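Asks: Below are the chains, spelled out letter by letter.
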Amino acid sequence: MRVNVLLIAGAWYVAAALLFLTLGARGDWGFILAFRGQKLLALTVVAAAVAVSTMVFQTITANRILTPAIMGFDALYVLIQTMLVFTLGGAGAFALKGMPMFALETALMIGAAGILFGIMLRRSEDLNRMVLTGIVLGILLRSLSGLLSRLIDPSEYAYVMASSYAQFTNVEGDLLWAATGITITVLALVMLHARRLDVIALGRDNAMILGLEHRREAQRLMVLVTLLVAVSTALVGPIVFFGLLVSAIAYQVAGTWRHATLLPLSALIGAGMLVVCQTLFERVLDLQSNVLVVVEAVGGLVFILLLIRRART
Amino acid sequence: MIRCQNLTFSAGGKRILDAVTADAPPGRITALVGPNGAGKSTLLGLMGRLKEPERGQVMLGAEDAAGIPRPIFARRLTALRQATRITPRLTVCDLVGFGRYPHNPGHLTKEDQRIVEACMTDMALDDLADRQIDTLSGGQQQRALIAMVLAQETEILLLDEPLNNLDLSHARRVMNNLSARSRAGRTIVTVLHDLTIAARFADHVVALKDGRVHAEGSPDEVFTPEVLRELYGAEVEVHRINGKPVILPI
Chain A
1 MRVNVLLIAG AWYVAAALLF LTLGARGDWG FILAFRGQKL LALTVVAAAV AVSTMVFQTI
61 TANRILTPAI MGFDALYVLI QTMLVFTLGG AGAFALKGMP MFALETALMI GAAGILFGIM
121 LRRSEDLNRM VLTGIVLGIL LRSLSGLLSR LIDPSEYAYV MASSYAQFTN VEGDLLWAAT
181 GITITVLALV MLHARRLDVI ALGRDNAMIL GLEHRREAQR LMVLVTLLVA VSTALVGPIV
241 FFGLLVSAIA YQVAGTWRHA TLLPLSALIG AGMLVVCQTL FERVLDLQSN VLVVVEAVGG
301 LVFILLLIRR ART
Chain B
1 MIRCQNLTFS AGGKRILDAV TADAPPGRIT ALVGPNGAGK STLLGLMGRL KEPERGQVML
61 GAEDAAGIPR PIFARRLTAL RQATRITPRL TVCDLVGFGR YPHNPGHLTK EDQRIVEACM
121 TDMALDDLAD RQIDTLSGGQ QQRALIAMVL AQETEILLLD EPLNNLDLSH ARRVMNNLSA
181 RSRAGRTIVT VLHDLTIAAR FADHVVALKD GRVHAEGSPD EVFTPEVLRE LYGAEVEVHR
241 INGKPVILPI
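Top to bottom, those sequences are chains A and B.
If you're matching positions, the first sequence starts at 1 in UniProt numbering and goes up one per residue.
If you're matching positions, the second sequence starts at 1 in UniProt numbering and goes up one per residue.
Source of the hints: derived by calculation from the structure; they are not laboratory data.
Check before you lean on any hint, since a few could be wrong.
[Claimed, not checked] Derived coverage of chain B by chain A (criterion: at least 3 residues anywhere in the stretch with Cβ under 8 angstroms from a Cβ of chain A; other residues may be distant):
# : stretch
1 : 48 to 62
2 : 80 to 90
3 : 217 to 229
Computed from a predicted model, the values in this text were never measured in an experiment.
Each residue gets a CB set at the ideal place from its N, CA and C atoms; glycine is no exception.
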């Protein structure tokens with residue numbers, strides 16, 4: 001059962017990737033495969049990072065309608081972009097793009113999350129309070145971005161707007177390789193925790209009764225979640241609801257509670273879904289718009305459906 | 001032997017336990033009794049290291065429990081919590097299998113499987129082995145959780161209201177099973193609200209009131225009309241059947 005689901009998900013991803021690489025391709029195959037391959041890698045890395053981080057976050061918080069994005073990562077990213085345009089101007093901020101900017105954004109997001117998780121998890125293990133603090137922090141950061149954006153020249157504000165949505169165009173090769181390396185390493189570390197995540201899913205008390213140092217495990221896993229979200233956000237921009245959409249589908253089709261299956265399954269489903277959507281957008285519908293705008297909208301709808309279903313049960 | 005020494009615990013600015021010192025003798029069943037809010041579940045949580053005391057310590061024999069690494073502790077002591085909600089869609093067999101995690105964090109061995117099956121049989125769960133936990137009644141879920149605790153095969157078992165939601169037949173089955181385990185040398189501490197069941201099965205009773213030990217001793221010593229009146233503020237009659245106290249409210 002477990003192997004079958006993973007095999008089907010793997011086939012789904014491979015089919016999606018082949019379609020993306022070859023559909024409508026004309027001309028120099030070397031160039032096309034290199035060009036599209038880079039984009040495919042970006043889509044895959046981001047989808048896997050977002051899907052796995054969401055699933056781990058949901059297990060730690062024992063809540064399947066949460067995503068780590070709710071902790072204010074997106075708001076912090078937008079604030080960084082706004083502050084850069086505010087201080088350096090649109091041209092100055094654009095000139096900073098590249099590895100230094102990627103490193104700065106990743107470090108800032110990890111630092112902010114580290115402070116939040118560190119303080120909250122050291123003082124108590126009240127994960128609900130930590131989530132609520134993250135939400136409030138997100139609102140504060142958004143308010144600060146709103147205030148700064150009113151002080152920015154309207155023509156330069158367009159740069160902030162463009163940076164505020166995740167996009168897979170213009171992902172630089174160096175950044176992509178760095179993000180891929182970090183993501184693969186972190187995903188491997190998360191997989192080493194798969195069995196412990198099964199135990200954590202039984203709740204804090206049961207996990208401790210079964211011999212887990214729950215607080216230490218939660219802290220360690222939160223660090224991994226933060227790394228995944230920070231790297232993916234710094235690479236392409238903020239993604240809020242996509243992880244929720246993928247985890248909801250993965251739970252439905254998995255037929256198991258084992259994270260050894262759930263984690264790779266969610267990564268494959270998410271990557272396949274993002275690649276298929278991008279293919280449809282670019283090749284079939286011939287649209288230049290950002291695919292994540294649509295995926296996020298569908299994710300938002302799933303979020304509301306999950307809320308309604310939970311309210312009924 | 002598990003010994004609580006001077007345990008003090010507060011939550012939300014309220015003192016829940018105040019310098020509680022009590023023993024649970026080895027190879028015996030100790031019943032924790034007392035009115036609602038007396039601190040019984042908190043005391044059990046401190047004994048199981050699910051909460052940290054402000055002051056005091058829990059001793060397992062001559063060892064301070066706080067100094068024992070958690071994975072080793074889980075092979076020596078287990079606990080059943082009150083009102084546990086299991087969110088993953090597990091089958092009964094999967095849930096009981098988790099009881100073997102402290103001994104074998106990987107996949108279950110044949111010996112683990114044998115223990116899991118025996119514990120399911122002990123709790124009359126054989127026919128429910130493949131049922132999802134969330135499709136079971138409250139009593140069936142309670143038995144599955146008890147089976148998981150039993151599967152941990154520890155020398156000390158802490159159980160918080162194990163008879164919740166159980167009918168007479170299954171309550172009797174659980175208590176007889178715990179009795180058999182205590183006779184085999186396991187130390188059992190259990191919160192019980194049914195005093196007649198406590199009198200029938202417990203060897204030792206610790207009565208808590210307002211976060212303090214109100215009385216401690218054998219069922220004959222604790223279950224007297226005078227002690228129970230002070231403990232619960234209610235009048236009771238204590239009769240004896242087959243030499244055991246039977247408590248009837250008036």
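Asks: Provide an ascending list of the numbers of those earlier hints which the structure does not satisfy.
Replies: Number 3 only.
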